[in-house]
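Chemist: The chain contents come next:
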Amino acid sequence: MDPQQKAKQEAYQKLVKEHSPKPNAWKHVMWAFLIGGAICVLGQLMLDIFTKLERTETEAAAATLAAMIFLGAVATGLGFYDDLAEIGGAGTAVPITGFANTVVAAAMEFRREGIILGMGSKMFVIAGPVLVFGILSGFIVTLIRALLTGLF
Amino acid sequence: MQYLIAFLVGGTICALAQLVLDHTKLAPPHVLVGLTVLGAILSGFGIYEPFVKFAGAGALIPVCGFGNAIATGMLQEVKRLGWEGLFTGAFEITGLGVTAAVVFGSVIALVSKPKD
Chain P
1 MDPQQKAKQE AYQKLVKEHS PKPNAWKHVM WAFLIGGAIC VLGQLMLDIF TKLERTETEA
61 AAATLAAMIF LGAVATGLGF YDDLAEIGGA GTAVPITGFA NTVVAAAMEF RREGIILGMG
121 SKMFVIAGPV LVFGILSGFI VTLIRALLTG LF
Chain L
1 MQYLIAFLVG GTICALAQLV LDHTKLAPPH VLVGLTVLGA ILSGFGIYEP FVKFAGAGAL
61 IPVCGFGNAI ATGMLQEVKR LGWEGLFTGA FEITGLGVTA AVVFGSVIAL VSKPKD
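Listed in order, the protein sequences are those of chains P and L.
Each residue of the first sequence is one higher than the one before, starting from 1 at the first, in my numbering.
Each residue of the second sequence is one higher than the one before, starting from 1 at the first, in my numbering.
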């Protein structure tokens, strides 16, 4: 490639860079807000239903999480959640439905590598770190709290 | 009103996570882990519970609610059993969700045709 053409190409690349839309940060954030918020509204609906059905608040919260995980799992199985994630970004990843999505999507994807070595070992490929560090941090803060408040 | 608060609070947490994703080199798992740890720590300080009272599902559904559920379960079990609770409590509340994810995930993966 002669230098003149190279310079031309570089100039063109620069032009493309200038004119291509900026990664549209605010649009991403707005969609994350709207979709994440909408999922939480759905969760609130579940919470209201389970608060009437269950005996304690903890049970109602646990049932709500399970219901949302069920919905996230089914939506992933149908391929709907991944379409939603294209628009929603963190709005679909951060709610607990996103946790279900990572587990189910990994299970589906790695299924072809075998049921034990694929599905079984890679199901928690993304959700695993959340569990590990959730448990570690919970362990540490609870230990400190129990020591300070004399629970032992 | 509770629905509006849940929408605004849950949406704001997701929007903040999106901001972090867009403006740092962190990948989604980093952000999810960060939120979970944050939820567990706030729970340990006793801040998350009033936050749940205020925001309802807006505080429970984002993954920081998962961290809160881990720490809350541990504290409950420590009160009930003593130190053993530190080791049994993590799944006291979250076990239901984790098991649900494993069961639904396995069933769906086994019945659906693998995509190419």
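No lab work stands behind these hints: they were computed from the structure.
We put the CB at the ideal spot given by N, CA and C, even for glycine.
One or more of the hints may lead you astray.
Claimed, not checked - Computed cross-link-like contacts, SDA-like style, restricted to lysine to any residue with a CA-CA straight-line distance of at most 20 Å: (1) K122(P) <-> V98(L); (2) K113(L) <-> E109(P); (3) K27(P) <-> L19(L); (4) K53(L) <-> L136(P); (5) K53(L) <-> F80(P); (6) K52(P) <-> K53(L); (7) K122(P) <-> M1(L); (8) K25(L) <-> K122(P); (9) K122(P) <-> A27(L); (10) K53(L) <-> E109(P); (11) K113(L) <-> L136(P); (12) K122(P) <-> I108(L); (13) K79(L) <-> Q13(P); (14) K52(P) <-> L38(L); (15) K122(P) <-> K53(L); (16) K52(P) <-> M1(L); (17) K25(L) <-> E86(P); (18) K14(P) <-> P3(P); (19) K53(L) <-> H30(L); (20) K27(P) <-> I87(P); (21) K113(L) <-> P3(P).
As the list claims (entries may be wrong) - Across the chosen pairs, the derived CB separations fall in these ranges: (22) G46(L) <-> T51(P): 20 to 26 Å; (23) T51(P) <-> H23(L): 47 to 53 Å; (24) L81(L) <-> T51(P): 36 to 42 Å; (25) F54(L) <-> E86(P): 27 to 33 Å; (26) K25(L) <-> R112(P): 28 to 34 Å; (27) L8(L) <-> L15(P): 21 to 27 Å; (28) L26(L) <-> D2(P): 51 to 57 Å; (29) T149(P) <-> G95(L): 33 to 39 Å; (30) H23(L) <-> T149(P): 35 to 41 Å; (31) I47(L) <-> E59(P): 44 to 50 Å; (32) L147(P) <-> K53(L): 45 to 51 Å; (33) F80(P) <-> G46(L): 27 to 33 Å.
Chemist: Look at each hint and say if it fits the structure.
Modeler: Going down the list of hints, with the structure as the test:
1. K122(P) <-> V98(L): Status holds; Cα separation ~15 Å.
2. K113(L) <-> E109(P): holds, 10 Å
3. K27(P) <-> L19(L): holds, 11 Å
4. K53(L) <-> L136(P): violated, 25 Å
5. K53(L) <-> F80(P): Violated, at about 32 Å.
6. K52(P) <-> K53(L): With Cα atoms ~16 Å apart, K52(P) and K53(L) stay inside 20 Å; holds.
7. K122(P) <-> M1(L): Not satisfied, since the Cα-Cα distance of roughly 41 Å exceeds 20 Å.
8. K25(L) <-> K122(P): violated, 24 Å
9. K122(P) <-> A27(L): Roughly 18 Å separates the two Cα atoms, so the pair holds.
10. K53(L) <-> E109(P): Not OK: K53(L) and E109(P) at ~38 Å, beyond 20 Å, violated.
11. K113(L) <-> L136(P): With Cα atoms ~36 Å apart, K113(L) and L136(P) exceed 20 Å; violated.
12. K122(P) <-> I108(L): Holds. K122(P) to I108(L) sits at ~15 Å (cutoff 20 Å).
13. K79(L) <-> Q13(P): Violated: K79(L) and Q13(P) sit about 64 Å apart, past 20 Å.
14. K52(P) <-> L38(L): violated, 30 Å
15. K122(P) <-> K53(L): Given that 20 Å is the threshold and the Cα spacing comes to 36 Å, the pair is violated.
16. K52(P) <-> M1(L): Cα-Cα ~18 Å, so holds.
17. K25(L) <-> E86(P): holds, 19 Å
18. K14(P) <-> P3(P): Holds: K14(P) and P3(P) sit about 16 Å apart, inside 20 Å.
19. K53(L) <-> H30(L): violated, 27 Å
20. K27(P) <-> I87(P): holds, 10 Å
21. K113(L) <-> P3(P): Cα-Cα ~52 Å, so violated.
22. G46(L) <-> T51(P): 20 to 26 Å: With a Cβ separation near 22 Å, G46(L) and T51(P) satisfy 20 to 26 Å, so the hint holds.
23. T51(P) <-> H23(L): 47 to 53 Å: Cβ of T51(P) to Cβ of H23(L): about 38 Å, so the range 47 to 53 Å is violated.
24. L81(L) <-> T51(P): 36 to 42 Å: violated, 27 Å
25. F54(L) <-> E86(P): 27 to 33 Å: At roughly 32 Å between Cβ atoms, E86(P) and F54(L) fall inside 27 to 33 Å, so the hint holds.
26. K25(L) <-> R112(P): 28 to 34 Å: Cβ of K25(L) to Cβ of R112(P): about 31 Å, so the range 28 to 34 Å holds.
27. L8(L) <-> L15(P): 21 to 27 Å: Taking Cβ atoms as reference, L8(L) and L15(P) lie about 41 Å apart, which means the hint is violated.
28. L26(L) <-> D2(P): 51 to 57 Å: Violated, at about 42 Å.
29. T149(P) <-> G95(L): 33 to 39 Å: Given a distance of about 25 Å, which is not inside 33 to 39 Å, the answer is violated.
30. H23(L) <-> T149(P): 35 to 41 Å: Because 39 Å falls inside the window, the suggested range holds.
31. I47(L) <-> E59(P): 44 to 50 Å: Hint violated: Cβ distance 23 Å, outside 44 to 50 Å.
32. L147(P) <-> K53(L): 45 to 51 Å: violated, 26 Å
33. F80(P) <-> G46(L): 27 to 33 Å: Given range 27 to 33 Å: violated, Cβ gap about 38 Å.
Hints 4, 5, 7, 8, 10, 11, 13, 14, 15, 19, 21, 23, 24, 27, 28, 29, 31, 32, 33 from the earlier list are contradicted by this structure; the remaining hints agree with it.
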